[in-house]
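Trainee: Listed here are the chains, written in short residue letters.
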Amino acid sequence: MSKKKRAATEPPAEASTSAEGAPHSKEPDSARQPERASTEAPPPAMARSDADSAHDRRIGWALFLGATVLLLATEQPAGFVRDESQYFHAGESYARWFQSFVSSPVQALKDENIVAAFSANREHPAWMKNLYGLSFVLLHEKLGLLRPAAAFRFPAFVFAALILPLLFSLGRRLFGRGPALFAALSFFMVPRQFFEAHLACFDVPVATTWLLVVFCFVEALERPRWWLWTGLSFGLALASKHNAFFIPLSLIPFSLWRGWERSKGKPEARALFLGVNGAFVAMAALYALMAITLGPRMLSTFEAISPQLGLFVLTAAAGTFLCWKLARLDAPTFRAVAPLVSMAVLGPVVLYLHWPYLWHHPVERYGWYLGFHLNHEHYAWFYLGELLRQPPFPLGYVLVKTALTVPTSLFVPMVLGVVWVVVRTLRRQVTALEWVVVANAAMSIIVLSQPNVPHFGGVKHWFPSMPFLAILGAGVVARGAQGLSEWLSSRVPALTERTAFIALCALVSLPALIQSVRVYPYGTSAYSELAGGLPGAATLGMQRQFWANNVTGVLEWVNANARQGERIYFHEVHGGMIQDMQRNGMLRRDVQPIVDGMGCFMGTCPALADMVVYQYHQEFRETEFRTWEAFGTQKPVTGLYVDETPQVVVYRRR
Amino acid sequence: MNLWAETAASLKRWEGLGLVVVALACLAFQLSVPGVTPSEADFQQAAAAIDQDAKPGDVVLLTPWWAERARVFVSEKTPVVGWYGSDAEDFTEHPRIWVLANVKAPRFSWSGFLEVFGPRRTEVGDERRFGPLAVRLYTNGRARAVRFSAREALASAKVYLEGAGGQQPCGWNGRSFRCPNGAEVVTEWHELAWQPHRCIRFFPPGGPTRLVAEFSNVPAADVLRLTTGYIWERFGSRADAPTDFGVEVNGDVQTTPIARGLEKVWRVERPNTAAGTVRAWVQAPDSREVCFELTGFGPEGA
Numbered sequence: 000m001s002k003k004k005r006a007a008t009e010p011p012a013e014a015s016t017s018a019e020g021a022p023h024s025k026e027p028d029s030a031r032q033p034e035r036a037s038t039e040a041p042p043p044a045m046a047r048s049d050a051d052s053a054h055d056r057r058i059g060w061a062l063f064l065g066a067t068v069l070l071l072a073t074e075q076p077a078g079f080v081r082d083e084s085q086y087f088h089a090g091e092s093y094a095r096w097f098q099s100f101v102s103s104p105v106q107a108l109k110d111e112n113i114v115a116a117f118s119a120n121r122e123h124p125a126w127m128k129n130l131y132g133l134s135f136v137l138l139h140e141k142l143g144l145l146r147p148a149a150a151f152r153f154p155a156f157v158f159a160a161l162i163l164p165l166l167f168s169l170g171r172r173l174f175g176r177g178p179a180l181f182a183a184l185s186f187f188m189v190p191r192q193f194f195e196a197h198l199a200c201f202d203v204p205v206a207t208t209w210l211l212v213v214f215c216f217v218e219a220l221e222r223p224r225w226w227l228w229t230g231l232s233f234g235l236a237l238a239s240k241h242n243a244f245f246i247p248l249s250l251i252p253f254s255l256w257r258g259w260e261r262s263k264g265k266p267e268a269r270a271l272f273l274g275v276n277g278a279f280v281a282m283a284a285l286y287a288l289m290a291i292t293l294g295p296r297m298l299s300t301f302e303a304i305s306p307q308l309g310l311f312v313l314t315a316a317a318g319t320f321l322c323w324k325l326a327r328l329d330a331p332t333f334r335a336v337a338p339l340v341s342m343a344v345l346g347p348v349v350l351y352l353h354w355p356y357l358w359h360h361p362v363e364r365y366g367w368y369l370g371f372h373l374n375h376e377h378y379a380w381f382y383l384g385e386l387l388r389q390p391p392f393p394l395g396y397v398l399v400k401t402a403l404t405v406p407t408s409l410f411v412p413m414v415l416g417v418v419w420v421v422v423r424t425l426r427r428q429v430t431a432l433e434w435v436v437v438a439n440a441a442m443s444i445i446v447l448s449q450p451n452v453p454h455f456g457g458v459k460h461w462f463p464s465m466p467f468l469a470i471l472g473a474g475v476v477a478r479g480a481q482g483l484s485e486w487l488s489s490r491v492p493a494l495t496e497r498t499a500f501i502a503l504c505a506l507v508s509l510p511a512l513i514q515s516v517r518v519y520p521y522g523t524s525a526y527s528e529l530a531g532g533l534p535g536a537a538t539l540g541m542q543r544q545f546w547a548n549n550v551t552g553v554l555e556w557v558n559a560n561a562r563q564g565e566r567i568y569f570h571e572v573h574g575g576m577i578q579d580m581q582r583n584g585m586l587r588r589d590v591q592p593i594v595d596g597m598g599c600f601m602g603t604c605p606a607l608a609d610m611v612v613y614q615y616h617q618e619f620r621e622t623e624f625r626t627w628e629a630f631g632t633q634k635p636v637t638g639l640y641v642d643e644t645p646q647v648v649v650y651r652r653r
Numbered sequence: 000m001n002l003w004a005e006t007a008a009s010l011k012r013w014e015g016l017g018l019v020v021v022a023l024a025c026l027a028f029q030l031s032v033p034g035v036t037p038s039e040a041d042f043q044q045a046a047a048a049i050d051q052d053a054k055p056g057d058v059v060l061l062t063p064w065w066a067e068r069a070r071v072f073v074s075e076k077t078p079v080v081g082w083y084g085s086d087a088e089d090f091t092e093h094p095r096i097w098v099l100a101n102v103k104a105p106r107f108s109w110s111g112f113l114e115v116f117g118p119r120r121t122e123v124g125d126e127r128r129f130g131p132l133a134v135r136l137y138t139n140g141r142a143r144a145v146r147f148s149a150r151e152a153l154a155s156a157k158v159y160l161e162g163a164g165g166q167q168p169c170g171w172n173g174r175s176f177r178c179p180n181g182a183e184v185v186t187e188w189h190e191l192a193w194q195p196h197r198c199i200r201f202f203p204p205g206g207p208t209r210l211v212a213e214f215s216n217v218p219a220a221d222v223l224r225l226t227t228g229y230i231w232e233r234f235g236s237r238a239d240a241p242t243d244f245g246v247e248v249n250g251d252v253q254t255t256p257i258a259r260g261l262e263k264v265w266r267v268e269r270p271n272t273a274a275g276t277v278r279a280w281v282q283a284p285d286s287r288e289v290c291f292e293l294t295g296f297g298p299e300g301a
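In order, the protein sequences belong to chains A and B.
Residues 0 to 653 (numbering that gives the first Met the number 0) are what the first sequence spells out, left to right.
Residues 0 to 301 (numbering that gives the first Met the number 0) are what the second sequence spells out, left to right.
Since the hints were derived computationally from the structure, they do not count as laboratory data.
Even for Gly, the Cβ is constructed at its ideal location relative to N, Cα and C.
Please note that a few of the clues may not be correct.
Here are some chain A residues pointing at chain B (derived, C-beta under 7 angstroms) [unchecked claim]:
(1) Glu260
(2) Leu483
(3) Phe624
(4) Pro645
DSSO-like mimics (lysine-lysine), calculated; alpha carbons at most 30 angstroms apart, straight line [stated by the list, open to error]:
(5) Lys263(B) / Lys634(A)
(6) Lys634(A) / Lys54(B)
(7) Lys103(B) / Lys76(B)
Covered stretches of chain A (in silico footprint by chain B; criterion: 3 or more residues with CB under 8 angstroms from a CB of chain B, positions within the stretch not fixed) [to be verified]:
(8) 82 to 88
(9) 199 to 209
Could you build the full structure based on these sequences and the hints that come with them?
Mentor: What follows is the structure in structure tokens.
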């Protein structure tokens, strides 16, 4: 059935819930969506000519390259967070293994050599750390182009920069070019997101790969072969961070609904569609049955040749075969279901293949990885005057924290964007793409809001929601500009819709930009206008830093004032960070650093030192008071005070 | 145009206007933030003003509580205090309080501050301003004369372990007591529920044995206040049982069970205690980290 025919014959509800976007449509938007009055619908995505598409591609490349260069140019001040130094170390270890694989592959493939290289930070899959390590070898060791930290971080810049063109492309389908461009740019105007885009960690990369999966999924509903990219990108998402486990939850309903719709009146296609679903449902049921009957033996006997693995292989084969038949019978139904099958089959395959640590003992080691995250410890976290240490955590934590950290001029449109989709749903005008965006905006937030989920780490754990919220926010800005233009254009003829949109974008961006510039590189300390900025957040009793990167703020003073060989306790900083600071020229090599675990821990360390670099956290104050005791003074010699709030305080023995 | 379309068109306009208002408010806020930051000269002048008129026993209270940068500048002869909730503290040991406020800080208001700080305090002289900093002096109507301080009297105390086998004395080494079980009893800085306390380290030895500090010739007091709690995050322990903290005045015992698992400063007051011997003791089924202050006060307002 051609799109034109469908648009002409389908009832209004169907037309308004279609997921097709303009890029691949020949007919104008008005023909596809006859129900939409210009005032009722979001700004319609414009049908694109080849020239338009080429222009969009250029914009996408410009966004990507511009963002990469920006991140590279602003990298140096960004301090190393506690986890990052571990990932540097792990990445370097993995890269050495790849080097050994090139020189002696048989030897490298032995399990003991894989374990020796990949045991470092086995809590996370290896994909990004592989890239960090290989980038370090290439850009620092071989080519000498970048300092060590920048070389490690370069793949993180690339992944963060990818968010912009992906956001642009997805937003373009929904709201047109201008709002899409604003959505892309606004992602980097959130100070915490911009800061963490610099880090060789996983929170931004998993946001990128999540967005990539959704982008591919949306494309795959209409275009051939994109089911393959959906599966592969899901594999990359799984290989980036465990957040990706939740991606299918936000896509399955759309896929099933669309498959059901597309197979209407086609009994054979419907039967195959149900067969594909039945295969995976049966697999899930059999696994559940195994888990109940075998208990822990299910995992302990899960081997390369075992019924457990056989079940997966058989289901994957059955699903693939049925999909293949469906593709030959009815392309629209196939496109609805193929992305999910591809994700189910290729996701685990990519995860396994990319991570050498799993190669010899996949189930046991994967089980350890899952177990680590299912039983993750809870770190103390200051929230509205209360020190959260154990679950249950407040249900509203994620929403409150988001409201208090995302610049308010960007947060308000995001909220209105969600409300707008709800209203359009009630009006039965919503498009499937709008709901895909809302579902993915909500998924991480809903998952992380569960009271038993660890709540440390600021907002980074639900970063995958933020690109989708940016799209919804951009739609609201576009609609608001349209409203202002319609209202005022009779009085101010120069205020066209385009002018109003540009002006409104500039206006809502400006406060966010000012905040971003002022708080950088102390991104983990950023708070929005709603909080009253960082000082207001401190008054509210909010955690005002974490991850230890703010220590860079006093290193210049330490380097200038420390005596030769002075014993300095770097509170909350670990040995790996010290090494990284020294090898990147940020800390003098002649000082004697003392860190936790080097014969002391927290409160007992100040007594061993002549200088204490203390990180002000509510939960660590005992360390500061032990410093008073050890040094006989309560008077710091200097400190890092961001917007007057103490972050890092330096004491010196009298 | 149907009703919905009209409403939607109107909503778009209001959305646009709303975004303009929000953005302008945010812009105004961002432009105001640099005004929060006092210059070094502001701090130096404020510190000099305090230093010039400060008397022994005075305290400097920071408000907002996190405005700690002042510590770098204020003379050490006057203690500087500020913690979450410190606006509401009595500061019983301090007859005068210097309030050092950053009045430009977001969410700060004098009226909000005075609502909790103001009762039974009287402002002395005029406020002095140094950039965004304001200095005000208050007499503290909640202050009381200190007649006894266990931490000051520690060196003259008798400290011992008390169990089924009788007393095992702890020896004074000029700075602290060393007990037969290796424990040290000493006055030092510790955190109780995120607040700094100069208190006596007093770790219960575990089991039925008590650690005891006995003070003789303690003067009569209008109020004898015990301040205690678990140090830092040592409130968790294996046994569910609380730590019992006893204060005996001439044999009349009052026991405070310090519940396990709570980050809290325990303050227990005992009115009109007679002069004589005061025994403070602590006992818990397993090892805990506790410290305490025991202070005898005269009448309020002294």
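Trainee: Against the structure, test the hints numbered earlier, and report the numbers of the ones violated in rising order.
Mentor: 1, 8, 9
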